[in-house]
Amino acid sequence: MKSIFLLFLSIFLLTSNAIANEKEVLLTITSKDKIILLTRKDLERFNQTTIKQVTFWTKGETSFTGPLLRDILDKYELKGKKFVASAYNDYKVTIPTKDFYDYDVIIASHVNNKELTVRSKGPLWLMYPWGENGELDQKTYYSRAIWQMTKANIDD
Amino acid sequence: MTKKGDRKPLFFIVILLGVFLLSLISSVMIFKQAAYQSKKETTYHMLFYMTQYEYELRQINLAITEVYYQKNEKWKNFDKWFNILWSRVDGLFIGGLHKEIVDKAFDLSSLKANMNKIDQDLYVNRKSVKKETIFEVKELLNKMTHDVHAFRLGKEFDKRLIWKNEKAFTFSSFKNSIIINMMTLLFCLFIIYSLYRNNKNLSNLQITLERRVDSRTKKLLKSNKSLQKEIEERYLIENKLRKSYEEAKKISALVQNQANYDFLTQLANRNLLLERFSQALIRAKREGNKVALLFIDLDRFKYVNDTFGHSVGDSLLKEVAARLLYILRESDTASRLGGDEFAIILPDVNKSKEIEIVVQRILESLAKPFNLEGHEAFISASIGVTFFPQDGQDTETLLRKADTAMYKAKQKGRNNFQFFTNIMDLEIQQRRELEEGLHKALEKEEFHIHYQAIVDMNTNEITSVEALIRWKDSVKGYIPPDDFISLAEEIGLIVEIGEWALKTACKEAALWESLFLDAPKVAVNMSSRQFQLVDTSVLIKEALEESDLKADRLILEITEGLLVNDDKKTLKQLNKIRMMGIDLSIDDFGTGYSSLSYLKKFPISKLKIDRSFIYDLEQKEENKALIKAIIAMANSLNLKTVAEGVETQEQRDFLQKYNCTYYQGYYYSKPLSKNDFMALLEKNKKKCFMKAIVFTVLLY
Numbered sequence: 008m009k010s011i012f013l014l015f016l017s018i019f020l021l022t023s024n025a026i027a028n029e030k031e032v033l034l035t036i037t038s039k040d041k042i043i044l045l046t047r048k049d050l051e052r053f054n055q056t057t058i059k060q061v062t063f064w065t066k067g068e069t070s071f072t073g074p075l076l077r078d079i080l081d082k083y084e085l086k087g088k089k090f091v092a093s094a095y096n097d098y099k100v101t102i103p104t105k106d107f108y109d110y111d112v113i114i115a116s117h118v119n120n121k122e123l124t125v126r127s128k129g130p131l132w133l134m135y136p137w138g139e140n141g142e143l144d145q146k147t148y149y150s151r152a153i154w155q156m157t158k159a160n161i162d163d
Numbered sequence: 005m006t007k008k009g010d011r012k013p014l015f016f017i018v019i020l021l022g023v024f025l026l027s028l029i030s031s032v033m034i035f036k037q038a039a040y041q042s043k044k045e046t047t048y049h050m051l052f053y054m055t056q057y058e059y060e061l062r063q064i065n066l067a068i069t070e071v072y073y074q075k076n077e078k079w080k081n082f083d084k085w086f087n088i089l090w091s092r093v094d095g096l097f098i099g100g101l102h103k104e105i106v107d108k109a110f111d112l113s114s115l116k117a118n119m120n121k122i123d124q125d126l127y128v129n130r131k132s133v134k135k136e137t138i139f140e141v142k143e144l145l146n147k148m149t150h151d152v153h154a155f156r157l158g159k160e161f162d163k164r165l166i167w168k169n170e171k172a173f174t175f176s177s178f179k180n181s182i183i184i185n186m187m188t189l190l191f192c193l194f195i196i197y198s199l200y201r202n203n204k205n206l207s208n209l210q211i212t213l214e215r216r217v218d219s220r221t222k223k224l225l226k227s228n229k230s231l232q233k234e235i236e237e238r239y240l241i242e243n244k245l246r247k248s249y250e251e252a253k254k255i256s257a258l259v260q261n262q263a264n265y266d267f268l269t270q271l272a273n274r275n276l277l278l279e280r281f282s283q284a285l286i287r288a289k290r291e292g293n294k295v296a297l298l299f300i301d302l303d304r305f306k307y308v309n310d311t312f313g314h315s316v317g318d319s320l321l322k323e324v325a326a327r328l329l330y331i332l333r334e335s336d337t338a339s340r341l342g343g344d345e346f347a348i349i350l351p352d353v354n355k356s357k358e359i360e361i362v363v364q365r366i367l368e369s370l371a372k373p374f375n376l377e378g379h380e381a382f383i384s385a386s387i388g389v390t391f392f393p394q395d396g397q398d399t400e401t402l403l404r405k406a407d408t409a410m411y412k413a414k415q416k417g418r419n420n421f422q423f424f425t426n427i428m429d430l431e432i433q434q435r436r437e438l439e440e441g442l443h444k445a446l447e448k449e450e451f452h453i454h455y456q457a458i459v460d461m462n463t464n465e466i467t468s469v470e471a472l473i474r475w476k477d478s479v480k481g482y483i484p485p486d487d488f489i490s491l492a493e494e495i496g497l498i499v500e501i502g503e504w505a506l507k508t509a510c511k512e513a514a515l516w517e518s519l520f521l522d523a524p525k526v527a528v529n530m531s532s533r534q535f536q537l538v539d540t541s542v543l544i545k546e547a548l549e550e551s552d553l554k555a556d557r558l559i560l561e562i563t564e565g566l567l568v569n570d571d572k573k574t575l576k577q578l579n580k581i582r583m584m585g586i587d588l589s590i591d592d593f594g595t596g597y598s599s600l601s602y603l604k605k606f607p608i609s610k611l612k613i614d615r616s617f618i619y620d621l622e623q624k625e626e627n628k629a630l631i632k633a634i635i636a637m638a639n640s641l642n643l644k645t646v647a648e649g650v651e652t653q654e655q656r657d658f659l660q661k662y663n664c665t666y667y668q669g670y671y672y673s674k675p676l677s678k679n680d681f682m683a684l685l686e687k688n689k690k691k692c693f694m695k696a697i698v699f700t701v702l703l704y
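Protein chains in written order, with our numbering: chain A, 8 to 163; chain B, 5 to 704.
Keep in mind that the hints are not guaranteed to be accurate.
As the list claims (entries may be wrong) - If you want the ones that stay clear, here's a sample from chain B, every Cβ over 10 Å from chain A, calculated: (1) 32; (2) 88; (3) 95; (4) 98; (5) 139; (6) 224; (7) 275; (8) 304; (9) 354; (10) 499; (11) 539; (12) 546; (13) 674; (14) 686; (15) 697.
What the hints assert, rightly or not - Here are the simulated DSBU-like pairs of lysine-lysine, each with C-alpha atoms no more than 30 Å apart in a straight line: (16) A:48 / B:108; (17) B:306 / B:414; (18) B:84 / A:48; (19) B:84 / A:146; (20) B:159 / A:146; (21) A:41 / B:84; (22) B:604 / B:644; (23) B:116 / A:59; (24) B:604 / A:66; (25) B:108 / A:146; (26) B:116 / A:146.
Rather than coming from a laboratory, the hints here were simulated on the basis of the structure. Ideal Cβ positions, reconstructed from N, Cα and C, are used throughout, including at glycine.
From just these sequences and the hints, can you work out the full model?
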């Protein structure tokens with residue numbers, strides 16, 4: 008109980024601290040024993056990958072830029088079979104982590120070289136490269152491309 | 005039972021096939037069902053989207069309510085949700101998602117207007133936002149939420165209906181699968197039933213079959229016994245057949261033998277000779293050798309055959325064959341061509357001298373006496389020899405030429421041999437021409453008769469006249485009788501020529517008789533062949549009757565040869581002729597056989613001493629002696645003598661001195677044509693008349 012309380016406390020402190028701050032936390036990843044807080048700068052430090060493709064939600068061919076998810080998981084040594092992502096609007100989706108190793112799945116922070124905002128389905132948008140891989144072009148993967156992502160939990 | 009076992013796999017296959025077919029049908033149905041469900045997915049997705057949207061709207065309602073009651077302290081939450089809402093509305097405007105449903109669910113223009121209005125009202129100047137404005141926004145958002153909820157509820161209802169349909173569909177699928185299962189069961193049952201029935205039929209069939217086989221086996225056993233009997237019979241027949249086949253084989257070998265070998269002597273026959281000869285020719289051509297062909301004719305065989313009988317003749321031929329084989333090499337072929345003719349092939353010859361030796365040995369061997377069934381016989385042989393390749397290229401030619409050479413050898417005198425020469429061929433050619441001419445001569449009246457007077461040695465008067473045949477060929481002129489008489493004899497034409505000559509001479513003699521008081525007798529030559537071929541007595545009778553000539557006016561001149569043969573037929577004819585009162589004289593006496601016994605035996609009245617004795621009488625003392633002896637002998641036998649070919653006074657005087665009765669020759673007269681001879685007779689008649697007158701005058 009104590010640890011959970013501490014956890015919440017730390018989140019609160021960090022978030023409150025980050026308001027109107029450059030060090031605002033965009034993504035929180037939790038696992039059994041870790042809490043990873045990632046700011047925009049943290050994310051930009053990773054190698055950036057760009058996926059150019061047409062989607063339901065954007066007009067024409069759009070480029071999505073951001074770090075590969077597996078790079079993030081590898082860097083923080085986050086292991087687990089399930090990746091449960093949550094959005095601002097409380098939407099949740101469970102993604103098998105295998106996806107990130109099979110495909111170049113990114114957390115896009117820029118669309119067409121513009122920073123994503125909440126209004127443009129940002130600030131983070133999990134994106135599958137279905138333009139490159141035909142087998143991804145189906146509903147299951149569309150539902151996994153979560154927008155306005157803020158949190159994720161890795162679990163077995 | 006085995007049949008039932010064989011059917012089992014088939015049964016399983018049929019069952020498996022049925023099950024497979026049915027499962028295929030059900031899988032097709034399930035697939036169809038799945039396809040239907042995938043169609044529905046779009047609707048589910050949309051409903052999920054709408055739920056999310058409604059949730060976001062509720063949240064923003066909550067946030068605005070908070071703002072409304074607690075004034076400006078809760079703006080942050082509202083901002084978050086408003087941004088979220090904006091992102092969703094923007095997304096709708098992009099139109100990537102199910103346009104037809106979006107169009108149904110949202111009034112996009114009013115939605116955007118609403119959002120813009122809220123933007124205008126709340127975000128232009130946050131500080132001066134009035135409470136009424138917030139309320140208005142609250143009411144607007146509330147209305148939007150209400151609308152979405154209403155739409156979603158309608159869709160929920162649809163969803164429920166779909167679920168119901170799905171249930172019904174699932175149920176019907178279940179029902180169908182049960183029906184399919186039942187059908188499968190029925191199908192299986194049917195198959196099992198039919199199999200069972202089939203089995204039963206099969207077992208029934210088997211029982212009947214076994215019964216049938218039983219009865220058939222019994223029948224077969226019976227027929228087997230009869231078959232065995234038949235087989236035994238067939239064996240017997242087969243044995244008989246084999247025996248008869250063997251006999252046939254033997255006979256065919258015999259026939260083969262007969263086809264190639266002479267039955268009597270076992271020498272090769274003509275067929276085999278020709279075959280061997282052509283083989284020898286082929287070999288000789290290849291090796292450049294000569295081949296000699298000997299044609300052998302036995303002299304005097306006919307005499308032996310006639311005298312001692314055919315069986316002796318046959319054993320003579322056998323003995324000849326044996327002697328020939330003894331002399332010959334193994335590579336030589338001796339064959340009998342028929343009668344007393346033999347042919348011998350001597351292959352691989354280098355010089356004709358070698359052949360001469362062989363031929364001499366054959367002649368010597370065959371000249372030795374034959375002891376045949378107690379008789380001792382002497383024969384000899386005449387041999388003609390031809391050589392391949394100089395005398396001819398083919399068997400027929402060589403054989404013909406060998407025959408010619410043999411004939412020539414025979415002419416030369418018996419027990420002789422002759423190599424073929426090209427002159428012989430020429431002679432043969434001439435002979436053939438002569439033969440043709442001879443055949444036509446009678447028709448063409450080319451024959452004439454010349455007459456030569458035979459004169460009394462003492463009175464010098466013509467007592468008789470010899471009729472001599474002359475042949476004047478239209479092309480060749482006069483042909484000597486020596487050249488054609490022998491040919492005519494050979495080919496038998498002598499009969500017709502002799503008949504013509506006899507009849508012509510008789511007519512002529514009859515004419516003389518009618519003209520002259522002291523007409524001469526006519527002497528006609530008769531060939532021994534004539535005696536052999538026809539009954540000359542009949543011919544003479546006919547000639548005399550036709551010419552009305554008295555028989556005593558005719559003299560027949562015959563040769564010694566006719567008498568030597570000692571033929572009964574000839575003797576009979578001669579006796580008849582003599583009985584008619586016709587004189588017989590021996591022509592060319594002294595040239596033939598020295599046996600004189602026939603002179604007593606035959607009814608002869610005259611001897612004509614051959615011209616060869618007279619010809620060189622003056623020079624040869626021995627001829628003189630012979631003539632003296634002949635005349636003396638004739639006188640002692642009461643035979644008259646005629647000297648032929650008297651040409652000189654000396655000859656005439658010598659003959660007269662030794663009491664030769666008559667003479668004939670150029671000294672007195674050559675042979676004359678009938679007209680000339682008539683003229684001679686006329687002259688003599690006058691002389692005679694003159695003499696008579698002188699004699700009468702002297703008397704007086």
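**OP:** Would you check the hint for residue 108 of chain B and residue 146 of chain A, treating anything up to 30 Å between C-alpha atoms as holding?
**Re:** Holds. Residue 108 of chain B to residue 146 of chain A sits at ~22 Å (cutoff 30 Å).
Original post:
Is the nearest CB of chain A more than 10 Å from the CB of residue 546 of chain B?
Top reply: Per Cβ check, residue 546 of chain B is outside 10 Å of chain A; nearest 144 Å; holds.
Original post:
Is the Cα-Cα distance between residue 84 of chain B and residue 48 of chain A 30 Å or less?
Top reply: Roughly 22 Å separates the two Cα atoms, so the pair holds.
Original post:
Against chain A, does residue 224 of chain B keep a CB gap of more than 10 Å to every residue?
Top reply: Label holds. Min Cβ-Cβ 77 Å, cutoff 10 Å.
**OP:** Compare the distance between the alpha carbons of residue 604 of chain B and residue 66 of chain A with 30 Å, and conclude whether the hinted pair is satisfied.
**Re:** Outside the cut-off at roughly 172 Å; violated.
Original post:
So is residue 139 of chain B really clear of chain A, every C-beta pair being over 10 Å apart?
Top reply: Residue 139 of chain B is indeed farther than 10 Å from all Cβ atoms of chain A, at 25 Å.
**OP:** Say whether it holds or is violated: residue 674 of chain B keeps its Cβ farther than 10 Å from all Cβ of chain A.
**Re:** holds (151 Å)
Original post:
Given the hinted pair residue 41 of chain A and residue 84 of chain B, is their alpha-carbon gap at most 30 Å?
Top reply: holds (28 Å)
**OP:** Decide if the proposed pair is consistent with the structure: residue 84 of chain B and residue 146 of chain A, CA atoms, cutoff 30 Å inclusive.
**Re:** This hinted pair holds, its Cα atoms lying about 28 Å apart.
Subject >> Given as non-interface: residue 32 of chain B, which should sit over 10 Å from chain A by C-beta >> reply: Per Cβ check, residue 32 of chain B is outside 10 Å of chain A; nearest 24 Å; holds.
**OP:** Quick one: work out the minimum CB distance from residue 275 of chain B to chain A and report holds if it exceeds 10 Å, violated otherwise.
**Re:** holds (103 Å)
Original post:
Is residue 604 of chain B close enough to residue 644 of chain B, meaning Cα to Cα at most 30 Å?
Top reply: holds (14 Å)
Violated hints for the displayed structure, listed by number in ascending order: 2, 3, 4, 16, 24.
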